[in-house]
Structure formats: C-alpha cells, structure tokens
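> Sequence:
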Amino acid sequence: MEASFFDKIEPGLHTLFVKDNNGCGNTPYEFSILAFPKFFTPNGDGKNDVWKIDGFNSSLYTISEVSIYNRFGVLLYQIDASSEGWDGKYQGKTLPSNTYWFRVILNDTNGRIIEKTGSIGLIKK
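Sequential numbering of the sequence shown, starting at -2, is according to the working numbering.
Calculated from the structure, these hints are not laboratory results.
As the structure is a computational prediction, the values presented were derived from the model and not from experiment.
Note that CB positions come from ideal geometry on N, CA and C, so glycine has one too.
Derived lysine to aspartate or glutamate pairs resembling EDC-like cross-links, with alpha carbons at most 16 Å apart:
| id | residue 1 | residue 2 |
| --- | --- | --- |
| 1 | Lys35 | Asp46 |
| 2 | Lys122 | Asp46 |
| 3 | Lys121 | Asp46 |
| 4 | Lys35 | Asp51 |
| 5 | Lys44 | Asp84 |
| 6 | Lys121 | Asp42 |
| 7 | Lys5 | Asp51 |
| 8 | Lys35 | Asp84 |
| 9 | Lys49 | Glu62 |
| 10 | Lys16 | Glu27 |
| 11 | Lys49 | Asp84 |
| 12 | Lys90 | Asp46 |
| 13 | Lys122 | Asp84 |
| 14 | Lys121 | Asp84 |
| 15 | Lys44 | Glu81 |
| 16 | Lys113 | Glu62 |
| 17 | Lys113 | Asp51 |
Label pairs and their computed distance ranges (CB to CB):
| id | residue 1 | residue 2 | range |
| --- | --- | --- | --- |
| 18 | Gly20 | Trp98 | 46 to 54 Å |
| 19 | Asn107 | Lys49 | 20 to 28 Å |
| 20 | Cys21 | Tyr66 | 44 to 52 Å |
| 21 | Gly9 | Pro93 | 29 to 37 Å |
| 22 | Pro93 | Thr59 | 27 to 35 Å |
| 23 | Ile110 | Asn18 | 30 to 38 Å |
| 24 | Lys113 | Ser79 | 15 to 23 Å |
| 25 | Phe36 | Gly89 | 20 to 28 Å |
| 26 | Asn54 | Arg100 | 19 to 27 Å |
| 27 | Ser1 | Ile110 | 16 to 24 Å |
| 28 | Pro25 | Pro93 | 42 to 50 Å |
| 29 | Gly20 | Ser116 | 43 to 51 Å |
| 30 | Gly70 | Ile30 | 28 to 36 Å |
| 31 | Arg68 | Pro25 | 40 to 48 Å |
Please build the complete structure, drawing on both the sequences and the hints.
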C-alpha cells in the first residue's frame, strides 16, 4: 500500500507496522487517535456521563492543560491524567444544558505540543 492516509479509524491506541517499498523491515509505530466529543449527557445512565478526550493514552502523551470554560471565560474544571473526565458540575452543582468551551494542550513523547480548542454541548435529558 502506498497511501499514507487512512480514514474511519476509531479513537484509541493503534500500532502501525511500516515496511519500505521493497518489503523490507517491519518496524512498529504506536500512535493514538484522539477525539474530542461534541456533547455529553451527565444524567447518570452510564452513557456519555462525562466529557473526556477519547483515545488519550498516558504512555504517548502528558497533559499540560485540559480546561473547561463557560461562555464568559470562567474556568469551570481542569482535567488531569488521572481524572475520569468532567461530569458537568461546577463547585458541586450540575450546570444547565448549554455550550461550554475546552482548551487542551498535550505533549507527545517526541516533544511535540498538540493544542486544540472547541465547544462542548452539555445536554440534560
């Protein structure tokens, strides 16, 4: 295969085996596909109850910053590597359905910095 692009790969840890054009070598390369969910539903049903980075693997990344903000820029929550994610609460109280914002800064094992910002929909059902 000569293509270097793959689509429809699920978030998580993957291993790619690389051979040269002559079929020589079989070098493994571990990587992780990250996904940043667009919404979550913290209603206690066990599905999408917390917002977290899908595919995060602490052997490949260290977290520099994962912060959640409201629309006014108030810091609501910070996630660390041992966290289960954000449960939609601020100061112990469940927040209303709304759009919130995240900022993620990760460092990979090669010293690269990955920065991502975006919105999160908190949906109460």
